[in-house]
Amino acid sequence: MRIRPIARGDLDGLQVLARQTGVGFTSLPDNREFLARKIETAAQAFEERTPVDDRLYFFVLEDEEEGELAGCCAIEAQVGREIPFYHYHLGTLAHSSVQLDLHRTIDTLFLSSDHTGNAEVASLFLRPEYRGVDRRHQRNGALLSKARWLFMAEFRDRFPDKVLAEMRGVFNAEGKSPFWQCLGSHFFPLDFEEADRLTGLGQKSFIGELMPKFPIYTPFLSEEARACIGQVHEQTRPALEMLKKEGLRWEGYIDIFDGGPTVEAYIDDVRAIRVSRRCQVEIVEKSKPGEERPSWLAATTNMLDFRAAWLDRGPGDEGVITLTEQEAKRLNVRSGDTLRVLET
Amino acid sequence: MRIRPIARGDLDGLQVLARQTGVGFTSLPDNREFLARKIETAAQAFEERTPVDDRLYFFVLEDEEEGELAGCCAIEAQVGREIPFYHYHLGTLAHSSVQLDLHRTIDTLFLSSDHTGNAEVASLFLRPEYRGVDRRHQRNGALLSKARWLFMAEFRDRFPDKVLAEMRGVFNAEGKSPFWQCLGSHFFPLDFEEADRLTGLGQKSFIGELMPKFPIYTPFLSEEARACIGQVHEQTRPALEMLKKEGLRWEGYIDIFDGGPTVEAYIDDVRAIRVSRRCQVEIVEKSKPGEERPSWLAATTNMLDFRAAWLDRGPGDEGVITLTEQEAKRLNVRSGDTLRVLET
Amino acid sequence: MRERTPQASLTAVLMVRPARHTDLPALERLAEVAIPRLTNLPAHRDRLEERISRSNDAFRREVEFPGDEHYTFVLEDRERQTVVGTATLRALAGARDAYYTYRQETLIHASQQLNVRREVQTLALSHEVSDATLLCALSLDPGYQGTSAESLLRRSRLMFIAQYPERFAEMLAVAFPGFLDAQGESPFWNSVGRHFFVRNYEEINHIAGVRSKSFIAEVMPQFPLYLPLLTSQARAAIGREHPQHERALAEMLAEGFQRSRHVDIFDAGPVVKGERFRLETLRRASWHPVRIRPEESLPDTEPALVANQKREDFRCVVAPYALSPTGQLMLSPEHAEVLGVEEGRAILAAPLDLPTAPDKGEL
Amino acid sequence: MRERTPQASLTAVLMVRPARHTDLPALERLAEVAIPRLTNLPAHRDRLEERISRSNDAFRREVEFPGDEHYTFVLEDRERQTVVGTATLRALAGARDAYYTYRQETLIHASQQLNVRREVQTLALSHEVSDATLLCALSLDPGYQGTSAESLLRRSRLMFIAQYPERFAEMLAVAFPGFLDAQGESPFWNSVGRHFFVRNYEEINHIAGVRSKSFIAEVMPQFPLYLPLLTSQARAAIGREHPQHERALAEMLAEGFQRSRHVDIFDAGPVVKGERFRLETLRRASWHPVRIRPEESLPDTEPALVANQKREDFRCVVAPYALSPTGQLMLSPEHAEVLGVEEGRAILAAPLDLPTAPDKGEL
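Chains as they are written, first to last, in the UniProt record's numbering: chain F, 1 to 344; chain B, 1 to 344; chain U, 1 to 363; chain X, 1 to 363.
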């Protein structure tokens, strides 16, 4: 299993993924034309033919044995450059009066585009076939998530100061978002799914057009809706935990529609980026057996030829990592090449 | 030279400091009654007789040889609990229209009390006599600034998640704040100094009463005023650098009056707090000579008896630090006591 | 419609006049019986005493344009020698402190992308009503409610304005107590103000009465409130009068007042507004010389509000609108005495009955 | 005061009538000569053609209450057989798209601590004027400016409203072009709109004219603007008319319009408003039967606006206000012909001269 940039020949494979993503994964609609455009955009990004601000780096997880795509993930170099990027910012207003002996704060949601220009990690999807119990040892989900940090670490100058990730918000037993029901539904003449779908397609000027533009005092929201602010969907909790371990934090920004948190960090503070380091490749016929569950992530240092995969061992003290022929082939490296590695 | 909690006998000494602070240091007016109250408040904080949220830990830098006070510094456990705490938050609003082919962001100042409940490091003052070239080897300024991190590290559970520091903003050659002239002066019927003085005394309900409450689009400010947003006074630059090195950052919050930045960090991320560690004291008759310029900061681990001072050496590998009799006396520790140390 | 007891109303038993210091106990009682309690008539002796002094001063002062005068009137039952009602005129609603209301506004959210246009209702703090003359603080003994005494008390203020136009604004406003539920709770306050002030309606109303409502308004959050986020109970209460004041509101609408976009900041009670020239009492009031005739010789006619031409000794009563062929108003000796007028003096009269006007909705 | 060329004005040379498709070239020319260029009269052939079609439709359609009708009139010089002016009536300013203005508001910032009270001026986006009938898009050949032709063109719209009250709102509004400096720049736009749209006044005005102004308003920042933060030049331009429109504004104030709190969102030009019953032309307009008399036999009288009682064939001229003792209006055969009326038909007349009214300030 390895991560690599999506390539122009991946359209069929990507469509298989798009068919499986289902509701709530709006950036990958099952639309061949759309997907072809996406691949082309990404290909040009990796070829560095588009301005650094506009790039969408789209990766796939490849099962190189089966020759099929198992999942995908992406990094958007700078959000909000082409399409406005909105959040609500949960702020606090002091409300006090000496004469009334009143001294409190009121939580307030302010419409904001504060993250304009930040990088975003997004679009992570892993096919169900690759995430069962029998696949746990492959750590495919973590590979998809963390490979991006190695990419950003290696190509740090292509990215801005901050990175963010948007997390899916809370839905109730009926599959409805209480936050949407209490707030968005009053302002948008469409249902959550449709609003979400349009947003996923980047067709989101309607948000700025129809959003309440004055701040919302949260006491006016229902208790159920307030309880959604900054909370994630049950199924998103593991992903959130993984990001939190890297140092991403919730700073009060939430999704306009479902109230889910946006977590963020200064890129240089992200643990994986901070502690990843480079080492030299040495190919051996047979490496000594490592741990059963791989804990080292390795990635190449060439953008067009970016590859990332798990290894069951790290580099030695001299900064050299030994790879088997198979591992070297997977990463497409030769002896003497440089790898960026991360112990997880 | 050592840091210690202010004590009830320090009134005369504090008044000497208050007389020297001058304009722009509004939290220490030359008012004996006010100062006495301040000392009492601080004393009760160190005695842990007041609720943890309300405490003002006020420290003095003592020249224990001369028996006089050389400076002071403070930590407020949680701002905005008793008196509303206001900032402007420099946010970004997307401004876009597909039809007009318009796609921009507008910087906007939002009135905010987002920092309510954070800790604040403040009130740092060093008498001129103690900061000349001939005193540079004493590193008194750094001692005042950094001793607070050791205190917070040691008594971490008395503090919230975040800490902030407010930095003085830019003043022009005439000693005027262009930011105030462009914004505050239209709304407050008093001059900057008076507004600042009242704020320093904690009499700041007028801010909430008179501030513009709708957001301010920064393009409406003069160029000179915009240039002040988030910028510090020349003389404040070294202090800002010191805080930045510890990991405090400007996240877009500025002072209502002069536009100066508020820098902030998660307390657990502050470098000094993260890397400081405890060690055991061993008193020796004569320690081996250390560096000329002291680079180790040491502090005691008892709140009431808190002391901090520079040392010219750190602990050995076994986690033991050797002190001379004089050093031990300065820190008021005996062999076997615990010190928290920090290499700077 | 209104029940009326013509015997009582057409005799000279009931009379409106300026309040005096001796009325203090009566005012206290009236403040207490008001349903609901009125912010602007607090049952607080010191405040009421101030109110009377302020009123005395207003009636006495030479005034050329409306300022911070508050004129307080009382309704006296001369038979029972009791004050049974009170009402106030504030020359300018916001002369000293601004008079705040919530103004109902509509924002348009239009989306080119979706090709839709939505109207979004908001409530925004406003002090526009400050410039109007306010008719307020009306309280009447329950026994007199629904009789012509109520119209007399309410509209005698318009008769006063008709005489002293320079003392009042062109725009007149009346704020009616808002809807309270069976428990005396304000659903609007519970959904709005309570979030900010953590006090119940009664408490805040009391504080506002004793201190001032404007200083509370000034610490209210400044951004408009989105109506869809209020509870349905609160939304339903916007612009809705207290059940006890339905008849009073209907009378003011018949008078020519119109509902405005403004509602009370605490209970969302309606504020009705009317330009003077649109109001029936003012339009139809006319001056007549007095002719005194024995009561039994007066023809049987429609009742009228009749006021004398005096300021500090202002009197207004309900009397038969008995005009002589030459346009003199024929008064019984008793009415003339109560009004303090002699034969030949001019008095102002306006029909008591109003045309029934439909509630035309917002101004 | 206005210069007048009575010879021209009292003869039947000038006539206002609905625009026709053949007027297109003239409208294009008038759009180009307007000083300043008018947003609502763009020099754009397709838009002008639409305007004429829309107007034809409005005059033709049976209408019971004001909707999205736009009535466009032209002033024709029959001697020169040329159209020399145009003006439009929008039955509702914001029927299809909302009509946005900036509303001048005052916030009160009061401090108990400092015991001060400050008034802070703001400009807030508003679409309240949407509900009014808008008199707009007036352009007149420079050679006719300052003559009674200008009054005829401007006020013939009121004569039309007088005849078809059900087609228009109770409130009428006129938005005057705002102040531009000697370079034709709008100091208000430069201090306000330009920050948001990065386009100069001319560009945005052109876009607004060809597309729509409301869609620009809808992407304007939503929070009120604080006046003290605008440049002094921009503040001075608020509510100030373009120098070329001073006389026009004065005439409309004399007509009974009043300045309102509203100003244009681009250039801050004043919006004046008037309820129909307050306007001189409407108040003083009256119906008279026609009596046709030779021109030379007509008495020398004040001039009047005279309009026929037709909708699609609406005509309005300036003619002598020559009334017979029995209230008939005596018209010359030529005037009668232009108006298309025969002896005995009713026509509407109102005095051309207005009382000079002071600028009373804000409504």
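Don't take each hint at face value.
Here are the computed lysine-lysine pairs in the DSSO-like style, where the Cα-Cα straight-line distance is at most 30 angstroms [to be verified]:
1) Lys-213(F) x Lys-244(B)
2) Lys-244(F) x Lys-176(F)
3) Lys-162(B) x Lys-286(B)
4) Lys-176(B) x Lys-213(B)
5) Lys-176(B) x Lys-244(B)
6) Lys-245(B) x Lys-245(F)
7) Lys-204(F) x Lys-176(F)
8) Lys-286(F) x Lys-162(F)
9) Lys-310(X) x Lys-273(X)
10) Lys-286(B) x Lys-245(B)
11) Lys-162(F) x Lys-244(B)
12) Lys-176(F) x Lys-213(F)
13) Lys-245(B) x Lys-162(F)
14) Lys-286(F) x Lys-329(F)
15) Lys-213(F) x Lys-329(F)
16) Lys-213(B) x Lys-162(B)
17) Lys-162(B) x Lys-162(F)
18) Lys-204(B) x Lys-176(B)
19) Lys-244(B) x Lys-286(B)
20) Lys-286(B) x Lys-244(F)
21) Lys-244(B) x Lys-245(F)
22) Lys-245(F) x Lys-286(F)
23) Lys-204(B) x Lys-162(B)
24) Lys-244(F) x Lys-244(B)
25) Lys-162(F) x Lys-204(F)
26) Lys-162(B) x Lys-244(F)
27) Lys-213(F) x Lys-162(F)
28) Lys-162(B) x Lys-245(F)
Not close to chain B: a few residues of chain X, all C-beta gaps over 12 angstroms, as computed [as the list claims (entries may be wrong)]:
29) Leu-24
30) Pro-25
31) Asp-77
32) Arg-78
33) Pro-142
34) Ile-204
35) Glu-218
36) Leu-227
37) Pro-228
38) Glu-246
39) Gln-258
40) Glu-312
Read the hints as simulated data drawn from the structure, not as lab findings.
As the structure is a computational prediction, the values presented were derived from the model and not from experiment.
Every residue gets a Cβ at the ideal spot worked out from N, C-alpha and C, and that includes glycine.
Going through the hints against the structure:
1. At roughly 35 angstroms between alpha-carbon atoms, Lys-213(F) and Lys-244(B) are farther apart than 30 angstroms, so this suggested pair is violated.
2. Between the alpha carbons of Lys-244(F) and Lys-176(F) the distance comes to roughly 26 angstroms, so the proposed pair stays at or under 30 angstroms and holds.
3. Annotation: proposed proximity of Lys-162(B) to Lys-286(B) is violated, straight-line Cα distance about 41 angstroms (limit 30 angstroms).
4. The straight-line distance between the Cα atoms of Lys-176(B) and Lys-213(B) is roughly 24 angstroms, inside the 30 angstroms bound, and the hint therefore holds.
5. Taking the CA atoms of Lys-176(B) and Lys-244(B), the gap is about 26 angstroms. The hint holds against a cut of 30 angstroms.
6. Taking the CA atoms of Lys-245(B) and Lys-245(F), the gap is near 23 angstroms; set against the 30 angstroms cutoff, the hint holds.
7. Annotation: proposed proximity of Lys-204(F) to Lys-176(F) holds, straight-line Cα distance about 21 angstroms (limit 30 angstroms).
8. With a CA separation close to 41 angstroms, the supplied pair Lys-286(F) and Lys-162(F) exceeds the 30 angstroms bound.
9. Our distance criterion of 30 angstroms between C-alpha atoms is met by Lys-310(X) and Lys-273(X), whose separation comes to about 27 angstroms.
10. The straight-line distance between the Cα atoms of Lys-286(B) and Lys-245(B) is roughly 34 angstroms, outside the 30 angstroms bound, and the hint therefore fails.
11. Between Lys-162(F) and Lys-244(B) the CA atoms are separated by roughly 17 angstroms; this keeps the pair inside 30 angstroms, and the hint holds.
12. This hinted pair checks out: Lys-176(F) and Lys-213(F) have alpha carbons roughly 24 angstroms apart, not beyond 30 angstroms.
13. Restraint check for Lys-245(B) and Lys-162(F): satisfied, since their Cα atoms lie roughly 18 angstroms apart, inside the 30 angstroms limit.
14. For the proposed pair Lys-286(F) and Lys-329(F), the alpha carbon gap of about 14 angstroms is at most 30 angstroms, so the pair holds.
15. Under the criterion of a C-alpha separation no larger than 30 angstroms, the hint pairing Lys-213(F) with Lys-329(F) is inconsistent with the structure, at around 54 angstroms.
16. Proximity of Lys-213(B) to Lys-162(B) is assessed by CA-CA distance (about 26 angstroms); at most 30 angstroms being required, the pair is judged to hold.
17. A distance of roughly 19 angstroms separates the Cα atoms of Lys-162(B) and Lys-162(F); the hinted pair therefore holds under the 30 angstroms criterion.
18. Pair hint Lys-204(B) plus Lys-176(B) holds up; C-alpha atoms about 21 angstroms apart against a cutoff of 30 angstroms.
19. About 37 angstroms separates the Cα atoms of Lys-244(B) and Lys-286(B), which puts this hinted pair outside 30 angstroms; it is violated.
20. Taking the CA atoms of Lys-286(B) and Lys-244(F), the gap is near 48 angstroms; set against the 30 angstroms cutoff, the hint is violated.
21. For the given pair, Lys-244(B) sits about 23 angstroms from Lys-245(F) by alpha-carbon distance, which is consistent with the 30 angstroms threshold.
22. As the CA atoms of Lys-245(F) and Lys-286(F) are separated by approximately 34 angstroms, the hinted pair breaks the 30 angstroms bound.
23. Among the hinted pairs, Lys-204(B) with Lys-162(B) is consistent with the structure: their alpha-carbon atoms are about 23 angstroms apart, no more than 30 angstroms.
24. A distance of roughly 23 angstroms separates the Cα atoms of Lys-244(F) and Lys-244(B); the hinted pair therefore holds under the 30 angstroms criterion.
25. Using a Cα cut-off of 30 angstroms, the hinted pair Lys-162(F) and Lys-204(F) holds, with the two alpha carbons roughly 23 angstroms apart.
26. Only pairs whose Cα atoms come within 30 angstroms are accepted, and Lys-162(B) paired with Lys-244(F) is accepted, the gap being roughly 17 angstroms.
27. A C-alpha spacing of about 26 angstroms is found between Lys-213(F) and Lys-162(F), which places the hinted pair at or below 30 angstroms, so the restraint holds.
28. Distance hint between Lys-162(B) and Lys-245(F) is fulfilled; the C-alpha atoms sit about 18 angstroms from each other, no more than 30 angstroms.
29. In this structure Leu-24(X) is separated from chain B by more than 12 angstroms, as the shortest Cβ-Cβ distance comes to about 27 angstroms.
30. Every CB of chain B is more than 12 angstroms from the CB of Pro-25(X) (nearest about 30 angstroms), matching its label as outside the interface.
31. Every CB of chain B is more than 12 angstroms from the CB of Asp-77(X) (nearest about 40 angstroms), matching its label as outside the interface.
32. With 12 angstroms as the threshold on Cβ separation, the claim that Arg-78(X) sits away from chain B holds: the shortest Cβ distance comes to roughly 43 angstroms.
33. Listed as a non-interface residue, Pro-142(X) keeps its Cβ farther than 12 angstroms from every Cβ of chain B; the least gap is roughly 33 angstroms.
34. With 12 angstroms as the threshold on Cβ separation, the claim that Ile-204(X) sits away from chain B is violated: the shortest Cβ distance comes to roughly 9 angstroms.
35. For Glu-218(X), the condition that its CB be more than 12 angstroms from all CB atoms of chain B is violated, with the nearest at approximately 8 angstroms.
36. Chain B draws Leu-227(X) into its interface by the beta-carbon criterion, the shortest separation being 9 angstroms against a cut-off of 12 angstroms.
37. A Cβ of chain B approaches the Cβ of Pro-228(X) within 12 angstroms, the least distance being about 4 angstroms, so the stated non-interface status is violated.
38. At roughly 29 angstroms from the closest C-beta of chain B, the C-beta of Glu-246(X) stays outside 12 angstroms, upholding its exclusion from the interface.
39. Here Gln-258(X) stays apart from chain B, with its beta-carbon at least about 28 angstroms from theirs, past the 12 angstroms limit.
40. Even its closest Cβ contact with chain B, about 36 angstroms, leaves Glu-312(X) beyond 12 angstroms, as expected for a residue assigned away from the interface.
In this structure, the hints that do not hold are numbers 1, 3, 8, 10, 15, 19, 20, 22, 34, 35, 36, 37, in rising order.
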